[in-house]
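Undergrad: If you want the building blocks of each chain, they are given just below.
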Amino acid sequence: AQSVTQLGSHVSVSEGALVLLRCNYSSSVPPYLFWYVQYPNQGLQLLLKYTSAATLVKGINGFEAEFKKSETSFHLTKPSAHMSDAAEYFCAVTRGGGYNKLIFGAGTRLAVHP
Amino acid sequence: EAQVTQNPRYLITVTGKKLTVTCSQNMNHEYMSWYRQDPGLGLRQIYYSMNVEVTDKGDVPEGYKVSRKEKRNFPLILESPSPNQTSLYFCASQNSNTDAFFGQGTRLTVV
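Sequences listed follow chains A and B, in order.
Here the first sequence is numbered in my numbering, starting from 1 and rising by one per residue.
Here the second sequence is numbered in my numbering, starting from 1001 and rising by one per residue.
By construction, these hints were calculated from the structure, which means they are not laboratory data.
These numbers were taken from a predicted model, which means no experiment stands behind them.
A couple of the hints might just be wrong.
[As the list claims (entries may be wrong)] Simulated DEER-style distance windows between Cβ atoms:
{"#": "1", "chain 1": "B", "residue 1": "1010", "chain 2": "A", "residue 2": "84", "range": "23 to 29 Å"}
{"#": "2", "chain 1": "A", "residue 1": "39", "chain 2": "B", "residue 2": "1077", "range": "27 to 33 Å"}
{"#": "3", "chain 1": "A", "residue 1": "72", "chain 2": "B", "residue 2": "1020", "range": "39 to 45 Å"}
{"#": "4", "chain 1": "B", "residue 1": "1010", "chain 2": "A", "residue 2": "14", "range": "21 to 27 Å"}
{"#": "5", "chain 1": "A", "residue 1": "80", "chain 2": "B", "residue 2": "1012", "range": "39 to 45 Å"}
{"#": "6", "chain 1": "A", "residue 1": "8", "chain 2": "B", "residue 2": "1083", "range": "41 to 47 Å"}
{"#": "7", "chain 1": "A", "residue 1": "114", "chain 2": "B", "residue 2": "1097", "range": "39 to 45 Å"}
{"#": "8", "chain 1": "A", "residue 1": "114", "chain 2": "B", "residue 2": "1053", "range": "50 to 56 Å"}
[Said to hold, decoys possible] DSBU-like, lysine-lysine: derived pairs with alpha carbons at most 30 Å apart:
{"#": "9", "chain 1": "A", "residue 1": "101", "chain 2": "A", "residue 2": "69"}
{"#": "10", "chain 1": "B", "residue 1": "1018", "chain 2": "B", "residue 2": "1069"}
{"#": "11", "chain 1": "B", "residue 1": "1057", "chain 2": "A", "residue 2": "101"}
{"#": "12", "chain 1": "A", "residue 1": "49", "chain 2": "B", "residue 2": "1057"}
[Stated by the list, open to error] Covered stretches of chain B, going by a simulated chain A footprint (3 or more residues, C-beta under 8 Å):
{"#": "13", "stretch": "1044-1052"}
{"#": "14", "stretch": "1096-1109"}
Cβ coordinates follow ideal geometry from the N, Cα and C atoms, glycine included.
Generate coordinates for the entire structure from the input sequences, incorporating the hints supplied.
TA: Right, here's the structure in full:
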C-alpha cells in the first residue's frame, strides 16, 4: 500500500524567505513522486515529479524537491518566496509508469505575507 | 490547446435530485479518472476508466456512477445526491507516457 503524509496543513512565510513544504511517503515498490499546486478556483498544476532518475528534481516557478530514500521524504523547497506562490500544495505518490492511481497527501496551504 | 473540460464549475442541488457532471478531454487519452477533494483529506479517487467501456471503482465509489461510451468523455453521475457528497470534484486524463491533466474542478453543494 502507498500513502503520503504532508506535515503542516498551513505554512506561512514572509516574502523573500525560504519555502519548505514537507512530504513523507510510504511505498512497498519504488515510487514515483509528484508535487502539484492549486491556485484559488483552479485545477491542479504539476510543479515537478520524481521518476527514479536524478534525486534532485527542479520544477516550474523556481521550486525543487529532493528524493531521499533513507528518509522516505520528498520535501519541496524554494529559496525565495513570492506573493504569487500563495496556494495549496499537494504531494502525491504512484506505483510507477503507466496508468496508476495517484495517492495524494492532505495538502499544505502556503501563505506569503509582505 | 490541450485541456480537460468539466461542466458545470459550480452546482447547488437538493438531496435526491439526480445530476451529472461532464468531463471531456481533447488529447485522445485512454485513461480518465474522477477525484473528490475534501479539506484535510486531499484528493481521493472515485472511479477510473482504462478505455472505452472499461471502468472500475477507486477508493470512494459509493453513491457515484460513471460511463465511458466515447474516449473523450467520462461523465460522473450522482443518482441520489446526499449532503456528504458536497465536495470539489476533479476529472483527470492521461496516457501511459504522459502526466495526468486535471480539469478546473466542479464545486458541488448538496442541501
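Undergrad: Could you run down the list of hints and mark each one as holding or not?
TA: How the hints compare with the structure:
no.: 1; hint: B:1010 / A:84: 23 to 29 Å; in the structure: 25 Å, holds
no.: 2; hint: A:39 / B:1077: 27 to 33 Å; in the structure: 29 Å, holds
no.: 3; hint: A:72 / B:1020: 39 to 45 Å; in the structure: 40 Å, holds
no.: 4; hint: B:1010 / A:14: 21 to 27 Å; in the structure: 34 Å, violated
no.: 5; hint: A:80 / B:1012: 39 to 45 Å; in the structure: 41 Å, holds
no.: 6; hint: A:8 / B:1083: 41 to 47 Å; in the structure: 29 Å, violated
no.: 7; hint: A:114 / B:1097: 39 to 45 Å; in the structure: 43 Å, holds
no.: 8; hint: A:114 / B:1053: 50 to 56 Å; in the structure: 54 Å, holds
no.: 9; hint: A:101 / A:69; in the structure: 21 Å, holds
no.: 10; hint: B:1018 / B:1069; in the structure: 20 Å, holds
no.: 11; hint: B:1057 / A:101; in the structure: 11 Å, holds
no.: 12; hint: A:49 / B:1057; in the structure: 26 Å, holds
no.: 13; hint: 1044-1052; in the structure: holds (count 4)
no.: 14; hint: 1096-1109; in the structure: holds (count 8)
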